[in-house]
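According to our numbering, the stretch in the sequence shown is residues 1 to 228, in order.
Since the hints were derived computationally from the structure, they do not count as laboratory data.
It is possible that some hints are incorrect.
To be verified - Between beta-carbon pairs, the in silico distance windows are:
id, residue 1, residue 2, range
1, T113, F46, 15 to 25 Å
2, T42, I4, 16 to 26 Å
3, G36, P75, 12 to 22 Å
4, Y82, Y218, 17 to 27 Å
We put the beta carbon where it would ideally sit given N, CA and C, even for glycine.
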Amino acid sequence: MVSIFSDISLTFLVMLPLIVVRVLINNRKNFVYSSGLGKFCTVMLFLDFTLIKMSIDISNDFWYMMFWQFLMVYPICFVSIYYLLKNENSEKTSKKSYVFLDGKQRIIIGIMTILSFSFIVTGINESNKKVYDTHNQLINDLLKSDNPTETLIYNSITPSTMLDILPHLEDIKEGEVEVLSLPWKSTVKVRTNKETGQFTREFTYVRFYRDWKLDGIYRRTGHYFQSN
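Using the sequences and the hints, build the whole thing.
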């Protein structure tokens, strides 16, 4: 349940410029194009919500979605906000006194923004625990498996980046684990300091709806100790 609220909160923050445009259009019902723009903006809100939510659920698409937001959606929103405020100013007075949102609307959006950040932080903490459990379960499954290579291939997206860890699973299991999550992606840092070597391996996990799956290892640092 927490992850659902976290996803909706992140979606709200990403959509905030478009939400502001819709509120401004609703405030200006006397504007000649307000009805048509309002309907168009409502459709855009629905489509944008669906796109953002899907990109969070399938994390590989998240940055493509953000690129689309910055390339198209946000510029259109900022131009629309400027145009609506400028139009209101020209209708009411020649004096430049743009009113962005009324007091009640600012309070509501402010409270929703604060709540959204709170839900996101709570969701990240829950994701950290879930990814930690998923990671430990996978390492245990690999250790118990009669064919760890096949198990790794079945349980990861890019197993070719991790074949070298199979001889070191015991060290990884006993290593120091640190989980750093985002709503759509997570990194598990495992630090090992054994007689054979000193390593930090970063396991990347990605979201697939409510579950997490190991993607691969794309960063590793360390060295082997030379034996006498």
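A quick look at each hint next to the structure:
Restraint check, T113 to F46: a C-beta distance of roughly 21 Å satisfies the suggested window 15 to 25 Å. Range check, T42 to I4: about 23 Å between beta-carbon atoms, so the 16 to 26 Å window is met. Distance hint check: the CB atoms of G36 and P75 are about 20 Å apart, consistent with the given range 12 to 22 Å. Roughly 41 Å separates the CB atoms of Y82 and Y218, a value that falls outside the hinted 17 to 27 Å.
In this structure, only the earlier hint numbered 4 is contradicted, and the remaining ones agree with it.
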